[in-house]
Structures are given as C-alpha cells and as structure tokens.
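Residue numbers (the working numbering), protein chains in the order written: chain A, 1 to 555; chain B, 1001 to 1293.
It should be emphasised that the hints constitute simulated quantities derived from the structure, not laboratory data.
Given the structure is predicted, the values throughout are model-derived calculations rather than measurements.
Here a beta-carbon is modelled for each residue, glycine too, at the ideal position from N, C-alpha and C.
Hints are supplied without guarantee of correctness; some may be wrong.
To be verified - Which residues of chain B face chain A? A few of them, derived with a C-beta cut under 7 angstroms, are:
#, residue
1, Val1043
2, His1109
3, Trp1123
4, Leu1263
Said to hold, decoys possible - Some, not all, of what chain A presents toward chain B, calculated at C-beta under 7 angstroms:
#, residue
5, Ser174
6, Asp176
7, Gly178
8, Val183
9, Ala185
10, Ser192
11, Phe267
12, Gly268
Said to hold, decoys possible - Away from chain B, derived, C-beta distances all over 12 angstroms, residues of chain A:
#, residue
13, Val108
14, Val330
15, Met510
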Amino acid sequence: MSVAPATRRERRTPDHTAQIAAERARVRSASRRSAVSGWLTTVVVCLVMLGLWELLADLWLTRAGVLAAPSAILQSLVENASLYVSSFLVTGWVALRGWFWGNLVAIVLAVLFVQVPALESLFLRLALTLFCLPIVAVNPLLQLTFEPDTARVVLTSLSVFFTTLVGTMLGLRSADGGSLTLVTAWGGGPLSSLRFVRVPAGVPAILTGLQIGVPAAALGAIFGEFIGAKSGLGVLLINGLMGLDLPRVWSVAVIVTAMASVPYALFGLLRRVLVPWSAGISTAPARSAAVTGSPLRRMLIGTAWVAGSVVVILLAWQAYLVVFDVSPFVGKSPLDVFNRLFVDEGAAEARAALGEALLVTLVHAGVGYVAGLVIGVAVAVLFVTFPVAERVFTPLAVALRSVPIIVLIPVLILALGRGLGGVVAITAIVTFFPTLANTQTGLKQVPADAFILMRSYDASVWTNLWRLQLPYTLPAIFASARIAAPTSVLAATLAEWLATGDGLGHAIVMARSGSAYTDLWAAAAVLTLVSLVFYGIVSWAERLVLRRFAPGQLA
Amino acid sequence: MTPHGGAPPVPRCAAVPSPGSTPNESTTHVDTTGFSLTDLTKVYSTKHRDVVALDNVSLSVPRGSFTVLLGPSGCGKSTILRMLADLEQPSSGEVTIHGESPEAIRKAHRLGLALQDPSLLPWRSVRDNIRLPGQVMRKPVPKERVDELIHMVGLDGFQDARPAQLSGGMRQRVAIARAIATEPEILLMDEPFGALDEITRQRMNEELQRLWSASNATALLVTHSISEAAFLADRVIVMSPRPGRIVGDITIDFPRPRGRDLLTTPEFHRVCDQLSTLLHAGHDEAAEAGAAE
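Just need the whole structure built from these sequences, with the hints factored in.
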C-alpha cells in the first residue's frame, strides 16, 4: 500500500505514460543543463578575473607594490620549486600531527562531556578559554615551555581543537530522542546509547569538524614558524613580507591554500560518500536536563558553575607551569600577573600601557567584525534574491573559506597597507565568510509553505525578506557571529603582530623580544579575557534573540 | 490466544465509571495479572506551579490481554505508559508488571516499546533496525526470525532499504516488528499510528492485532482515537485530563480476529458512542473543575 503511489502511476493509460516520460526527460535535461551552465559560468568568471588580475598587475599594481601577477607567481613557484617543496614538507608534517592530536582529544572529550554532563558544566568553559586563547598570545608561551617542534604541534592542535569539540558534541546531541528512549527501554545503558545511536548520529558532524580543522591546522603550523623557525612556509612568508617580495608572499599563499583546500574538499566528498542516509526523517528532540527549582536557586547554581569554571581556569594556568616545569624566570603565575598589574611598583604604568594597546586592538577587531557581519548578511541576501549571482559566486566563496587567514594577512597588508584599512579588511574578511555561508543556509531553511502564505497576501520581495526570511535566519546569523567573535580578535592581533606595530599583538612581540615575561603573560591573560567577554556578550545577545525567534533551540 | 475467545457475537459492554476504584478482583492470583497500577499519582513540578498529571489511578489487567488507554492530550495516559516502561517514576503508588517492578522487567529485557515517531536509525537498513534491540540486549535475534518478522509486516523485498526510502506507514511497521522482535512479555505502544492517515491506520490496526495474537504479550496501547480503541481492545480505560483520572472502564467482547467489516456494525457504533460519551463527560467535568479553580 505504501509503495502504491508509484505503481498506481504506472497503471495510467499509455498516452499519459508517454506524456509523463517526455515531461520527466525535459525536467531532467533542464536540471542537467542548469548545473553545467552554473559550473561553466563559474569557471568563465574565474578565468576572466584571473586575466583582469594579470592585466592590472602588469600595468600598475605590481609597481605600486600591491599584488603580484599570476605569471610572476608561477615563475617564482617554478624557479624555487625545491625550496617550496622542502618548506611544504616541514610545515605539512607539523600541520598533520597537530591536526591529528587536536581532533583526537576533541572527539574523546566531546564523548566524555556528552556522557557525563557534570564534566561539561565544569570543563567546557576551560575548553572555551582554550578557543578564546588567541594563538598570538599562546605561541610565545608555548615556545618558552616546549621544544620548538612540540610547541608548533601543540599550537596547531589548539587551533583545531575547539571547533571539533563543539561540532562533535552537537552531533552526539543531535541523536533522535525516540531512539535514545527505546535503547533505555530495552535495558541498554549509556554505553549502548553511545554505541548504537549517538556515535553514528554524530559522524556527519565529526567529519565536518575534521574538515574545518584543515585550514585551522595550516594556520597554526605556519604561525608556529613565526618564532624561531629556520625552515618552513611560515619562514618564507615572514621573509617575503619583510623584503616586500611580492611573488614570494603570493607563492606561499598559493601553496598554503592548496595544502588546506585539497584535504578540505576531500573531507567534504568523504562526508557525502560515508553519510548517504538523508537526515531529518525523525525529529523528536532529545530531552535535556534543565535546571529546575526557584529562580534564586537557579541563579545560585549558575553562579556556582561560573565561579567553578574560573577556579578551574586559574588552576589550569598554575598547573601548566607546574606540570611542564616552566622556569620561574619565564613562567608567571596568575598571582605574579596580578601583582604586576595591581600591587608592584610601576603597576599603574603597566596598566596604562596595556590599556592603550587593548583599546587599539578593540578598534581593529570591532570595526572589522561589524563590517564583516553586515556585508556578509547583505551579500547572502543578495545571493538569495538574485540566484544568478549565487550560482556564479558560491563556489568561489566556498573555495575562499578554505584559505587560512594566516596567508590572507600578508597578502592584504601588502595590498592595502599597514594602516587601519589593512587590519579592518582582515578582520572583516574572517567574519565575512562564515557569516555569508551561515546566512545563506539559514535563508534557505524558511519553510516553503510560509512563502506560499506570504504569496497569498501578495507580499513584496522586501516584505518577504523583512517579515519572513531575516527572522528565520537570525539564529544562523548569531551562531556565526558568536564563533566569529574570538576569530576577529585573533585576526586583529595577528595583523598587529605582523604589520601595524601597535595593539596587543605588537605588545606581545615587544614583551617577548624584551624578555619582559610578566608583561607577556599579562597581555596574554588580558587578550584571552577580552576574547571571552566578547564571546560572552555575543552569546548573551544570541540567547535573547533565540528566546524570541527560535525557542526550540534553547537548551 | 485471545482472552475472550468464547465471547458471544453480540458485545456485552459494561460501563464502570470508577474513579479511584479498587483493583480488579483477579489480582489475588498473581500468575494471571498482566500489569497493575495501585493508587498511582504523578506530580510534575514546574517553575510556577505543580501539575497533577495522574491522580490516584488504580488498574489491573489480566496477563495476555490487550488494554487501550483512551483520552485527550494531557490526561496522563502517556505518563502511565512511561512509568510502565521505567522511563519515569511515580510520585506515589506502585506499578507492577507480571508481579515484578518495571525496572526489573526492563533490565531483564522483557519489554517491547513503540512510540508515535517510529524512531528508526536512518543509517540502518530495515533488517538492521529490527535487529537493534537484540544487539542492545546482547540477545541476538536470529536471522530467520528477522526475515519472518519482515514477512509478517509485509515488507518482503525491503529488507535492505533505508528508512528514508520508506513511507510513513512502512516505517511504523518496521517499528512494530522491532518492538516484538525480542518476544517481549509486555508490549507498550504510545500512539504508534497517530501520524498515519485513517486508511493506513486501519490496516495497521489489523496487522497489529494479528501480530499480538501470535505472541503471548500483555499489550497496552495509548491513543486518542475512539474507533482504534474499540477495534483493538479487550478493555478500554477512558481517562480525563488535569488531573488524569479513570472515568470509564469498558470491556469489549467482539470476537477475534476482528476484521474491518466490524467497523460498520451497529454494535461497534454503540461501543464508540459509549466511549465518546464517557470521554466528553470526563472532559467537561475536568473543564468545570478547572474553571472553578
């Protein structure tokens, strides 16, 4: 009976069958044509842009020191092939190991957190702190603690860790509530739930985490080479930037992009092959253990968790110094930093210097962040409103997402200069791409029936957008805004480190080269705090928005 | 097979409106009791107030019988089912299944459960979904039994299909086959056909009756469909909402196997009318009580 619709259709009169066959063939060939023409347009647009780039570079931009021509990049790649290959092998090996360990730890922790919620409440904030730890601040500290090679691997795994952790947790949690209930009713324990339901349900999310981790690993590996390395792509990048060697910088950018985007694409493919079942056939949400009781009790419990997390974070800092036996000359405890900023002689000056640098960084990060968000949403709306633009530019945007920001920064700094413009462009770009992708996805999740309803009111395109699509998309926009918040701080400080000579990024460079280790730790702590607060503010705003627009998504 | 095999052709329907009535007399023989609820109360505490989901419910049904809990949403019928499945604990009162606690039954892997959402694992084929409870229980379901079940629910040829390739009715058949795959002693079903259209639903009811008759399970089905209750049950327990109470207890004697021709008989309609009257009386009473609060 259930397959009946198909069989019934077959039973129609022959002349209908012929018409149906013709209609089917028409639809199929039309969709094939549009897919082919979409790709063709993208390729043509890319070629045209490449030609334009070559032309502009040859005529003017290379002489102005803005960008290298594709031909010059190619020439540099060919002439110094052996140097590039050996550097690639060095950096690639670090990236691979860091990527592996970061993801492994993240997946194991995600399983633990989902199975033992108490662990999550306490340690997720620590994990979040690790994510908000700008690698700009961590890099010198790790170099003080570990062998150079180990430090680079640890740095790489740190930059991979958090997105995989959060993604895997979401994936494990996305398991269907009904299936979990059934496993319990069959006498299965938490381990059975994990094995039969949660882990298979989490596979797509885990694969996504591994995929997103690829460009992040490239970033970590290269940034690790900015301190004390003798070989590697990071060294070539720095040298190229210092010597204003445009083809060198662009060649490294091309190599790193390939290094990141090839595995990135492969993981995307793997996910499609390994996860052929279509999701979303059962939608019963999992029951979550909400805190119950009076408002006062809930507030107290919430406060207790936050306080507990702060203690855990400070203990982790202290433990790091003890466990890795960091010498007291370079390793400073929370108390040392507190004394430096509030007790010791010169505390006021230290605070003033730090505050000034912080303000600069906030401007760099904030302006770019807001610009990236606004432009990202605007472009997504443009894409959805004019599907032609989307067909042509989406493959390009997806490809650009896999470009690690570490190579965008030197390229953009050379192109736009070392002033505010360059830094803001960098932070804007790192915010722009995730916002664009998330908003695009969100805009498409509006139920078709809602459009039909709006059509029956004869609503205009703008009414649709304002009353329907944007409200539906707000959760997606805020999700990317939250994740982009620490990233924008990271991008700003990276740019400061490499180019601008001000802000916290530069303060860290100066503290390190001047062996002012307490200042180094203080700057790292302040930077982490800023990232965390930034993240917290956006999360809070997100919760306010979700409460109104998507109450189902709140735990 | 059926507890009422020798029933007369004309149904004998006895309405016993018995809120808080004493348990059935047959409880003296533990052997013949399917499950029993004694003075069962469940209170949910929310932020603002306490909600009494179940108020002093007592009920006892014979082993191997088919009981239907009928009532509007919010009458606590699913709560009773969840307590029998050891998914929730009573605030007070006692639940026993075949003389044991629900927890003992669940841990001993003697429980079968079907929910409104078929809750099939999308990455497993039909066959592997039916094998799942056996895997969780470390009591593998033999291949022949899986094939037999697939045949019984009419899904021959779909053994290796994934849930996404099946229609809603087919998915729910897989869920029913899965529920009885491990030959449970008690079969609990929470509106398993609630999302299906009327015609599919009737076919599923007939199939369910057949599958249950072939087993020895004590069955409990929760529904808000009057005709589904009258068609399937040996006994229909009618419940009223807020607080959940039993407002009617009707024995249904139609001979089994029951076919769809039963649906058009005056006797069937008389039973449905009776259930409907009880249901609305209970509902109105609850509404008045709510208004008086």
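Hints versus structure:
1. With a cut of 7 angstroms, the hint placing Val1043 of chain B at the interface with chain A is violated, because the nearest CB-to-CB distance is about 13 angstroms.
2. Interface restraint check for His1109 of chain B: the shortest CB-CB distance to chain A comes to about 5 angstroms, inside 7 angstroms, so the restraint holds.
3. The beta carbon of Trp1123 of chain B is positioned within 7 angstroms of a beta carbon in chain A (closest approach about 5 angstroms), and the interface hint is therefore held.
4. A cut of 7 angstroms between beta carbons decides the hint on Leu1263 of chain B: the least distance to chain A is about 17 angstroms, and the hint is violated.
5. At about 12 angstroms, the closest approach between the beta carbon of Ser174 of chain A and any beta carbon in chain B exceeds 7 angstroms, and the interface hint on this residue is violated.
6. With a cut of 7 angstroms, the hint placing Asp176 of chain A at the interface with chain B holds, because the nearest CB-to-CB distance is about 6 angstroms.
7. At about 3 angstroms, the closest approach between the beta carbon of Gly178 of chain A and any beta carbon in chain B falls short of 7 angstroms, and the interface hint on this residue holds.
8. Look at Val183 of chain A: its Cβ gets to within about 6 angstroms of chain B, closer than 7 angstroms, so that hint holds up.
9. Using the Cβ-Cβ criterion of 7 angstroms, the hint placing Ala185 of chain A at the interface with chain B is satisfied: the shortest such distance is roughly 4 angstroms.
10. Contact between Ser192 of chain A and chain B, as hinted, is supported at the beta carbon level, the nearest pair being about 5 angstroms apart and thus within 7 angstroms.
11. Here the hint on Phe267 of chain A is broken, as its CB sits about 19 angstroms from the closest CB of chain B, past 7 angstroms.
12. Annotation: Gly268 of chain A was flagged as interfacial toward chain B, and the flag is violated, the nearest CB pair being 19 angstroms apart, outside 7 angstroms.
13. The Cβ of Val108 of chain A sits about 22 angstroms from the closest Cβ of chain B, beyond the 12 angstroms cut-off, so the non-interface label holds.
14. Look at Val330 of chain A: its CB is around 51 angstroms from the nearest CB on chain B, clear of 12 angstroms, so calling it non-interface holds up.
15. Look at Met510 of chain A: its CB is around 53 angstroms from the nearest CB on chain B, clear of 12 angstroms, so calling it non-interface holds up.
Hints 1, 4, 5, 11, 12, counting from the list given before, are not met by this structure.
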